[in-house]
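Peer 1: Start from the sequences, fold in the hints, and give me the full structure.
As they're listed, the protein sequences go chains P and A. So in my numbering, spot 53 of the first sequence is number 43, and the numbers just go up one at a time. So in my numbering, spot 55 of the second sequence is number 45, and the numbers just go up one at a time.
Note that these hints are calculated values from the structure, not bench results. Among the clues, some could well be false.
All copies of an identical chain are treated as equivalent in the list; a pair is satisfied when it fits inside any one copy or across any two copies.
Unchecked claim - Derived lysine-lysine pairs resembling DSBU-like cross-links, with alpha carbons at most 35 Å apart:
hint	residue 1	residue 2
1	K102	K59
2	K97	K59
3	K40	K166
4	K29	K161
5	K102	K121
6	K97	K29
7	K97	K176
8	K176	K161
9	K40	K164
10	K166	K59
11	K59	K121
12	K176	K166
13	K164	K176
14	K164	K29
15	K176	K59
16	K102	K40
Just so we're clear, the structure is a prediction, and the values are computed from it rather than from any experiment.
What follows is each chain in one-letter form.
Number of protein chains: 2
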Amino acid sequence: MIKDDIETTEENDVVETIEQVEAELVEESENKGQDELSKANERIAELEAKLEEAENRILRIQADFENYKRRARLDQETASTYRAQSLVSDLLPALDNFERALQIEAKDDHAKSILQGMDMVYRSIVEALKKEGVEAIEAVGTQFDPHLHQAVMQVDEPDVESNVVLEEFQKGYKLKDRVLRPSMVKVNQ
Amino acid sequence: MIKDDIETTEENDVVETIEQVEAELVEESENKGQDELSKANERIAELEAKLEEAENRILRIQADFENYKRRARLDQETASTYRAQSLVSDLLPALDNFERALQIEAKDDHAKSILQGMDMVYRSIVEALKKEGVEAIEAVGTQFDPHLHQAVMQVDEPDVESNVVLEEFQKGYKLKDRVLRPSMVKVNQ
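Peer 2: Below you can see the structure in the form of structure tokens.
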């Protein structure tokens, strides 16, 4: 019995020791593993955040790029549409003078022939301008339009329709949909 | 002694058992930890690769963007520099006719006055073209230059310097540094 008791006590001790060692070992091993694992998880979280940021950045840059392309295309189209504007604007006074010069009355056939030749030149210039999108604004007989006409004189003629352009003092011109210069007109009230 | 032996044997057994359990536990715990850790490390490697790829992509898109901007700027500059080319090219035949018409000999003062008025119109057109960068190419008396002149006739005059332009049949024009039309000339061999 004594021996048994002793043995039992010893066995219990051994069992306790084993359990204790077990627990310590598992804890130690787990702690060590947990440590590395939690570092790895931190790194994963960090990398995931960086990746998300990078992907958002890609989306932003791509959107900026697309916007830039669209804007550049529009700018280019506008620049192309009105490319002749500067030259045309500079040519308009010459065109006015040309028209005035052509209105001189020819006193003889010689002068008439010269003016006919000049009229052909004038027409070919107008044709070249038309090809680029330049057109004279209609005025006399049309309804007055403040976007196209500039009223420099107003009259009150009861026989004529109201708000109609009666006379044109200087021709107006449009380049495509853009008014380069409004017509200077006399308008009925 | 016997008891001691027994005890020793038992103790050895216990020690072995403990060591065995220890090893198993550590292995098990380590295996479990290693498993999670190696999965985590795989994920880290995967994320690092993705992040590197994303960062490279950002660099590529940024480079593309910069290239596009530079090209768009250059295109825009070129388009702006030669914006009048189309209209000017269409105006050149009218200008030729204008010059021809001005060369008519005035038989009287009336015709002379008309031609003087037309000459002013012509000059103002040339002035407007010049403002846009259009200039007539120098020809008569200059060295023949195949970039500027087109030889439509060759003569052999020993008294005159070789390779010199002797006559101009049609005026040539440049828009800034670009030849719109070479001069048509007679050149000495």
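Peer 1: At most 35 Å between CA atoms: does that hold for K97 and K176 within a copy, between copies, both, or neither?
Peer 2: within (31 Å within a copy, 40 Å between copies)
Peer 1: Is it within a copy, between copies, both, or neither that the alpha carbon of K164 lies no farther than 35 Å from that of K29?
Peer 2: Classified as neither: same-chain Cα gap 72 Å, cross-chain 72 Å, threshold 35 Å.
Peer 1: Within a copy, between copies, both or neither: where do K102 and K121 come within 35 Å Cα-Cα?
Peer 2: both (28 Å within a copy, 33 Å between copies)
Peer 1: Treating 35 Å as the Cα threshold, decide for K102 and K59: within, between, both or neither.
Peer 2: For K102 and K59, neither the intra-copy (56 Å) nor the inter-copy (57 Å) Cα distance is at most 35 Å.
Peer 1: At most 35 Å between alpha carbons: which applies to K59 and K121, within, between, both or neither?
Peer 2: Answer is both; intra-copy 29 Å and inter-copy 32 Å each pass.
Peer 1: At most 35 Å between CA atoms: does that hold for K97 and K59 within a copy, between copies, both, or neither?
Peer 2: neither (61 Å within a copy, 62 Å between copies)
Peer 1: Please sort K40 with K166 into within, between, both or neither, judging by C-alpha distance up to 35 Å.
Peer 2: neither (52 Å within a copy, 52 Å between copies)
Peer 1: Up to 35 Å between alpha-carbons, please classify K29 paired with K161: within, between, both or neither.
Peer 2: Intra 82 Å, inter 82 Å, cutoff 35 Å: neither.
Peer 1: If the cutoff is 35 Å on CA atoms, where do K97 and K29 land: within, between, both or neither? Let me know, please.
Peer 2: Neither: 105 Å inside a copy, 105 Å across copies.
Peer 1: Classify it for me, K176 with K166: is the Cα-Cα distance of at most 35 Å met within a copy, between copies, both or neither?
Peer 2: Cα proximity of K176 and K166: one copy only (25 Å, versus 42 Å across).
Peer 1: Can you give me the call for K176 and K161, within, between, both or neither, at a CA distance of at most 35 Å?
Peer 2: within (12 Å within a copy, 43 Å between copies)
Peer 1: Between copies, within a copy, both or neither: which fits K176 and K59 at Cα up to 35 Å?
Peer 2: neither (47 Å within a copy, 50 Å between copies)
This entry does not satisfy hints 1, 2, 3, 4, 6, 9, 14, 15 and 16, going by the numbered hints stated previously.
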